[in-house]
Amino acid sequence: MTADCSSASGTGVPVPAPARPAGPWRKAGRTLLRNRSAMAALGVLVCMTIACLLAPLYAHDVARVDPFTSNVAGSIMLDGHEVDIMQPNDNPLHLGLSPIGPTGHAAYLLGADSQGRDVAARLLYGGRNSLLISACAAVLCLLLAATAGIAAGFFGGLVDTVLSRLMDIMWAVPVYLFAISLSIVTVSQGLKLGPFVIEADNLLIPIVIIALVYVPYAARPIRGRVLALRQAEFVTAARCLGVPRWRIVLFDILPNVMTTLVVLGPLLMALALLAESALSFLSIGVQAPAASWGTIIQDGEGLIYTRPMVAVAPGLAIVIVVLALNILGDGLRDALDVRDAARRSS
Amino acid sequence: MGKEYGSRLGAHGRIRRVGKTTLCAIMSIMLLASNGVDVASAAPASAPLPHSGGTLRLTAQSSGGTLDPQVAYMSLTRQIETPVYDTLLAYPKFSGPGALPVIANLVEQVPTPEEGGLTYRLTLRKGIRFSNGQALGVEDVAASFRRVFKVGSPTAGPYYSHIVGADACLKDPAHCTLTGGVETDATTRSVVFHLSTPDPDFLEHLAWGHAAILPASTPAHDMGNSAPPGTGPYRITAYDPTQYLEMERNPYFQEWAHEAQPAGYPDHIRLTFGLEPESEVTAIENNQYDWMYEDVPLDRLGEVGSHYAAQVQLYTLLLYYYAALNTTLPPFNSLKARQALNYAVNRHAMVIYHGGPAVAVPLCQLLPEGAPAHQSSCAYTKGASPEHPAARWQAPDLETARRLVRESGTAGQKVTIVAPLDGRYGSMAMELRSTLAAIGYDAVVRSMTQTVQFPYVQNSDNHVQVALTGWQADYPSAGGILHTLYSCESIHPHSDNSLNMSAFCDPAIEDQMQHAAALALTDKPASAQAWAAVDRALMAQAPAVPLVQIKRVTLLSKRARNVIVTLNDEILLSQLQIQ
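Protein sequences, first through last, are from chains F and S.
When the letters of the first sequence are read in order and numbered with the numbering used here, they come out as residues 1 to 346.
When the letters of the second sequence are read in order and numbered with the numbering used here, they come out as residues 1 to 579.
Looking at chain F on its own, in the form it has when it is part of the complex (with noise of 0.2 Å):
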């Protein structure tokens, strides 16, 4: 070491530092900026979300429509002629109304619902709680699974026993049954949690049903990746070190389980908003008049022989961003997952 040292420091000629490799994050970034499916289907989150957010402006500013408020008696302006909202059948015995088709303006751009709403407007507004609603159960259900999982992993024993049967019990349910089971029940009559009430119309009780559903689909495999870190030998020298198991989780375990939760976090997102929509569109996820994609959906059901596009148009929004999702989140599997680069690359 010394002699190292001394031969070193006698030549003195500068040696630049070795370039420091660059760490597995960056890596996994400068991989997924490469994958062209990944960056487009970032994109079309990405405008996805922006145009949800921008709903207020669209509804106020350029439609000029309250898409919460029923219009079935209303009217519109279009090239300069008063048109109802709804419109009388053309038939013998003057059965029925249907209500204005896509107008090609800025007002009812996709037509209106059978509550003679901006079917266009109701799109962004419900796009925003549809994916808040799923990012937000995507993250509380990886938190949720990342200590499950963490904790059955590393502790094993009984904790491991108890976590992993209790996982084995949710999983046996269908996620949708269970799903519908409690949102039945905290929909009639909202959610009391001691002092707290959430109102059955509160978005947190969706986000939470969906979280909790799915947590046994996150923290099996968290569970596997645990297990095997913590035969690991930095975990093993870590342990002889006497360092806290706390710290152990904290700074060995967890860092190297978060390329997983990354992983999971898209595909968990597309799985909630799928599960929002279905919830929604059977009446016991968002409620009325708040809207989602499900909802839209559902108040186009009875109109999917004459105006399909209120059906139409939430459907294809919940399938580009379930299928963006989906495309992200192999992504970011082919950028930060370890092995599967090792296999491919052997």
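None of these hints come from the bench; they were simulated from the model.
Every residue gets a Cβ at the ideal spot worked out from N, C-alpha and C, and that includes glycine.
Errors might be hidden in some of the hints.
Claimed, not checked - Some chain F residues close to chain S (C-beta under 10 Å, calculated; not the full set):
1. T49
2. S70
3. N71
4. S75
5. S98
6. G194
7. P195
8. I198
9. E199
10. D201
11. T259
12. Q287
13. E301
14. D334
As the list claims (entries may be wrong) - For each label pair, taking beta carbons as the anchor points, the in silico distance ranges come out as:
15. Q450/S / S37/F: 33 to 43 Å
16. Q87/F / H307/S: 37 to 47 Å
17. C47/F / S385/S: 50 to 60 Å
18. E399/S / S37/F: 24 to 34 Å
19. Q87/F / K382/S: 16 to 26 Å
20. E82/F / E387/S: 45 to 55 Å
Unchecked claim - Over 12 Å on every C-beta distance to chain S, these chain F residues come out as not near it, computed from the model:
21. G29
22. A73
23. G96
24. W246
With chain F held as given, fit chain S onto it using these hints.
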């Protein structure tokens, strides 16, 4: 009445010619029957009716559950069983104003109330047989009324509790005897009903389906999927509530009173369950079925009206939608708050939600159009007041509504609307929420499935402020509607069966109701005027917000003819001809 029947036949040239000959035969049979002649021996031996035969193919989304006529309360079952079972009295099987009131069916004449409405004497017709061949006797009548209590018929209490001995039967159904309530004499074929208190609607209750006359040997429990024998022109031969119901002609049926229970045209009737209404419409358009139970869905109305107008039947029912306002809870314990909502609600929007003016009419009184004693008036519309009602609804009056809310001191309060989870109800609930918000309340909608919502909103423990619901009268009677929904007697706290959902009780109006009911026994026109006054008095107190009365839109196949619609029995399926 004959003219009305003829004019209906006149709509179809081919049927008109046949109708005249049929009518002559019917009239001669009726004359014989009214003289107490044994119908079975006097009537011609079941000569086939013109255009008779074939299989009538019906479709419904789901079955109506039990077939027991004394238990079933679903309108599908009632409609299907109209040509299967008979009551002592019946509503005429033709349409128009003459279709009221009740006429004799299994008995020779409509009884006249005696002893101030405490006694009714009837004489059973001769020669009528059940579909198992057994002759109908007075003992079957007495047993059937006892069975109403034994099987726990849903209307045993509301409709038959006035019969002497009914109290004991309601307390101990298994040992019900109705001693002193129903007296029979087999030799004179007389049946005498004794009531403990007068019941102005007793004749209507004798015509109500739960008073169907069954063989005395019928088990005293809900027969479920088995249909007991009846006396009508058809009998049910097969029933699987998940798939189908089949009916064929009752071989023992001989027509005794065409206007009460006419012979049917099809040889077989098959009802299939399982199709969604959308698919039912398509199937009928393709001539795969002849009739659908459900209304044509709103989004198919345009298509049906354009391309299948000749196959559409549009008829008024005593069916209306309203919002019951809980008069015991804020904010609607304030009269001004109740009146404000009545002024503010946009009934035109409600009409649109049900398919437009051809299908629905705005309603701003508690007696719907077509009900006896209905006198069109609207206290809550622009330019009107309870003191100076308009003839009909014009437009909402938001200014008056907001002023009333301010005066009531209830502005800003939270209001929850409990509505069924159904497309039309959902739209109406959202409209109500918008209206409440517009006049200063913080309103939310809570939706639940209809089977849960209806009992839920009746129970006072659930503290429902606004219940959005619909009501179809069992039979056309002003008292039946107003007394059932708004009398003090209809309030049953902590019960799921408290039809006065507004918990409205006004002693003065209660007296008015009693007076109108008492008049019905002696002076029907005066009684109708009195009930109309009750309707106005109730609306002045605004315990509810009447919204809309709807018509039923039914689609029939091209081959279905001779459509006869009645207010009480709707389309008479047995009278449909297949061509």
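Hints and how they fare:
1. T49: Result: violated, 28 Å to nearest chain S Cβ.
2. S70: holds, 5 Å
3. N71: Constraint on N71/F satisfied, holds at 9 Å.
4. S75: violated, 13 Å
5. S98: holds, 6 Å
6. G194: It is violated, given that the least Cβ distance between G194/F and chain S is near 22 Å, above 10 Å.
7. P195: violated, 19 Å
8. I198: The hint is violated - I198/F has no Cβ within 10 Å of chain S, the shortest such distance being about 14 Å.
9. E199: holds, 8 Å
10. D201: Holds. Min distance 6 Å.
11. T259: With Cβ-Cβ at 43 Å, over 10 Å, it is violated.
12. Q287: Check passed: Cβ of Q287/F comes within 8 Å of chain S, closer than 10 Å.
13. E301: holds, 8 Å
14. D334: Violated - the Cβ of D334/F stays beyond 10 Å from chain S, reaching only about 44 Å at its closest.
15. Q450/S / S37/F: 33 to 43 Å: violated, 47 Å
16. Q87/F / H307/S: 37 to 47 Å: violated, 18 Å
17. C47/F / S385/S: 50 to 60 Å: Given about 56 Å between the Cβ atoms, the range holds.
18. E399/S / S37/F: 24 to 34 Å: violated, 60 Å
19. Q87/F / K382/S: 16 to 26 Å: Because 25 Å falls inside the window, the suggested range holds.
20. E82/F / E387/S: 45 to 55 Å: violated, 36 Å
21. G29: Consistent with the label, G29/F stays out of reach of chain S, its closest Cβ about 46 Å off (over 12 Å).
22. A73: violated, 5 Å
23. G96: violated, 3 Å
24. W246: Given a closest Cβ separation of 45 Å, the condition holds.
Of the numbered hints stated above, those contradicted by the structure are hints 1, 4, 6, 7, 8, 11, 14, 15, 16, 18, 20, 22 and 23, listed in ascending order.
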